[in-house]
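Residue numbers (the numbering used here), protein chains in the order written: chain X, 1 to 346; chain A, 1 to 346.
In case anyone wonders, no lab produced these hints; they're calculated from the structure. Treat the hints with care, as some may be off.
[Stated by the list, open to error] Below, computed lysine to any residue pairings styled on SDA-like, alpha-carbon distance capped at 20 Å: (1) A:Lys105 to X:Gly126; (2) X:Lys105 to A:Gly61; (3) X:Lys104 to A:Lys30; (4) X:Lys303 to X:His315; (5) A:Lys30 to X:Gly126; (6) A:Lys104 to X:Thr139; (7) X:Lys30 to A:Gly140; (8) X:Lys72 to A:Glu8; (9) A:Lys72 to A:Gly140; (10) A:Lys105 to A:Ile62; (11) X:Lys105 to A:Asn2; (12) X:Lys212 to X:Asp113; (13) A:Lys72 to X:Ser23; (14) X:Lys153 to A:Gly61; (15) A:Lys105 to X:Gly13.
2 protein chains.
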Amino acid sequence: MNTNNRTEISTIGEFGLIERLTSDIKPVNKETVTAVGDDAAILQFSSDEEVLISTDLLMEGIHFDLTYFPLKHLGYKAAMVNFSDIYAMNGTPKQITVSLALSKKFCIEDVEDFYAGVKLACAQHGVDIVGGDTSASLTGLAISITVTGTAPKGTAVKRSTAKETDLICVSGNLGAAYMGLQLLEREKIATAGKDIQPDFAGKEYILERQLKPEARRDIIERLREENIRPTAMIDISDGLSSELMHICKQSSVGCRIYEERIPIDYQTAIMAEELNMNVMTCALNGGEDYELLFTVPIADHEKVAAMKDIRVIGHIVSESMGNAMITRDGVEMQLRAQGWTMESAE
Amino acid sequence: MNTNNRTEISTIGEFGLIERLTSDIKPVNKETVTAVGDDAAILQFSSDEEVLISTDLLMEGIHFDLTYFPLKHLGYKAAMVNFSDIYAMNGTPKQITVSLALSKKFCIEDVEDFYAGVKLACAQHGVDIVGGDTSASLTGLAISITVTGTAPKGTAVKRSTAKETDLICVSGNLGAAYMGLQLLEREKIATAGKDIQPDFAGKEYILERQLKPEARRDIIERLREENIRPTAMIDISDGLSSELMHICKQSSVGCRIYEERIPIDYQTAIMAEELNMNVMTCALNGGEDYELLFTVPIADHEKVAAMKDIRVIGHIVSESMGNAMITRDGVEMQLRAQGWTMESAE
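With the sequences and hints as input, model every part of the structure.
Take a look at the structure:
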């Protein structure tokens with residue numbers, strides 16, 4: 001490893017690192033339609049269909065805490081977040097590979113529990129497990145899942161194609177998964193070493209959002225039924241603010257969203273109140289919502305406004321106007337991106 | 001995690017675990033031709049071509065030791081072993097995704113070194129990097145690479161299709177990568193905390209086999225030129241013995257190989273002598289050779305015997321005869337499989 005000329009990764013962050021590593025990559029194969037830079041890469045192996053591929057690597061202690069995360073739920077979630085990447089391309093997930101690195105604390109039943117969750121998610125979304133890898137690990141569990149999906153040629157929706165005046169839409173509600181995580185962390189500390197059970201009464205919804213997220217196939221299907229084709233789309237894994245800035249940067253546009261339009265469930269709001277946190281900050285930056293964020297032509301306004309569980313939260317503006325949220329009291333607040341940073345690691 | 005009803009993974013091993021987890025998986029998508037159980041899964045998205053997909057997860061401390069493994073070499077090797085899986089299906093690698101989990105000890109230059117190796121391997125084999133994921137890690141480096149490749153429909157070669165009387169062939173030579181690893185481990189101990197350089201004179205070949213393995217595209221191409229289509233094929237990552245038993249088990253056949261036919265480089269033999277190890281054990285079980293092991297119809301004997309860098313080492317027999325090696329003194333020795341075991345982990 002480099003000892004001289006060290007530049008800490010924290011100085012450029014996750015997205016800076018990816019850009020630095022991949023900016024010189026030029027695809028050479030005719031089958032590679034688009035490579036790095038979206039929820040999934042687009043590959044084309046036939047004249048009428050495109051293949052989508054996406055991958056995630058999850059590390060114990062960084063992405064999940066087995067103290068309160070049951071392995072079956074973890075398997076379900078690990079599969080689901082990959083399906084979400086394919087739906088975010090307007091595609092249909094078809095196959096996954098599942099790789100696990102396991103330390104000695106795990107027994108066969110543990111791995112079976114994990115797989116039971118993966119299989120349940122696959123059964124619900126019609127996805128095949130087609131391969132994988134298992135190996136040892138010195139410390140804890142590492143999970144790598146790669147998903148492939150398909151989309152009829154030319155129908156995959158990228159991040160880079162939002163246009164000025166497009167409406168910005170989001171499915172479901174935001175911040176709940178993050179509040180569920182805060183609750184689990186609080187109860188972990190409160191019950192540590194004591195013979196008491198955590199108190200989750202009235203908090204079932206935010207827990208479920210953290211422990212059992214659902215990829216929004218239903219939204220993709222209903223958009224098709226309504227004949228609405230998003231101009232750009234991404235799934236919300238790192239928080240609304242960060243994802244919206246991906247769309248804007250890659251589409252060379254700006255955005256205006258309205259605080260009063262951001263969908264927040266009442267359990268999320270109550271939990272934020274209890275923990276003395278700003279609920280809007282949680283909704284903007286919380287992450288792990290796995291809702292869909294997409295843009296549609298302004299001509300689709302009536303149709304999309306009438307759709308259940310979809311909220312129009314703002315619109316696309318020119319790049320020079322930047323990315324901002326209009327607060328309830330009419331102030332323009334600059335949006336900031338928050339991706340993964342090395343600060344969370346030891 | 002399970003505390004009652006614990007069955008240690010070591011009781012069934014890697015292959016037993018995979019079988020237990022995947023035996024009930026039934027593909028539901030028409031595009032899934034074959035799933036778990038080969039070097040790569042076979043997917044079909046068009047009428048004239050099949051897509052191959054394979055994945056590997058590599059963990060620091062288990063699969064590599066950064067004390068002596070330069071990051072650029074590690075990137076090169078991590079990509080190369082994935083290409084090897086596609087060649088082992090008689091396919092052409094086309095795209096990879098690269099995911100890294102990094103602890104704080106790594107700086108940007110380290111990750112760039114790693115990527116430089118990946119990119120070099122990709123450039124040599126015409127492969128595109130199409131995606132990936134980077135995240136934090138509490139402890140060390142985890143690498144997950146997924147590769148996709150293509151093969152004209154019906155030409156992918158599986159493990160399960162070897163036939164009685166087929167000849168068993170192997171490319172290159174065996175045991176060198178393992179001896180290179182032993183040498184690196186010896187010099188790591190010998191030079192630890194001392195201001196001396198390791199002594200690698202005359203050992204360049206076995207070091208290169210460990211630090212810079214090459215996927216055997218050349219063999220695949222020459223087999224095509226000679227119009228030889230292997231009946232079954234696998235790449236040697238876990239050792240000849242283990243891989244040959246995969247072919248035999250999945251093809252429901254047995255095998256006879258001949259000790260005197262096993263190809264071993266003289267540097268491998270010298271190193272084994274120096275370390276007081278049995279060179280044949282190293283060749284049979286060493287692993288990381290990334291040579292191709294394949295079977296051909298007996299009618300191709302003359303053609304294959306005349307090919308440079310390919311050795312006919314035995315033949316396929318009926319399943320009831322089992323898997324054995326005939327030693328130089330004519331004794332039949334049962335082959336044993338050695339996959340990954342949890343014993344190597346803490």
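Results of checking the hints against the structure:
no., hint, in the structure
1, A:Lys105 to X:Gly126, "violated, 41 Å"
2, X:Lys105 to A:Gly61, "holds, 17 Å"
3, X:Lys104 to A:Lys30, "violated, 38 Å"
4, X:Lys303 to X:His315, "holds, 16 Å"
5, A:Lys30 to X:Gly126, "holds, 11 Å"
6, A:Lys104 to X:Thr139, "holds, 16 Å"
7, X:Lys30 to A:Gly140, "violated, 36 Å"
8, X:Lys72 to A:Glu8, "holds, 18 Å"
9, A:Lys72 to A:Gly140, "holds, 16 Å"
10, A:Lys105 to A:Ile62, "holds, 18 Å"
11, X:Lys105 to A:Asn2, "holds, 10 Å"
12, X:Lys212 to X:Asp113, "holds, 15 Å"
13, A:Lys72 to X:Ser23, "holds, 18 Å"
14, X:Lys153 to A:Gly61, "violated, 43 Å"
15, A:Lys105 to X:Gly13, "holds, 15 Å"
The earlier numbered hints that this structure contradicts are 1, 3, 7 and 14.
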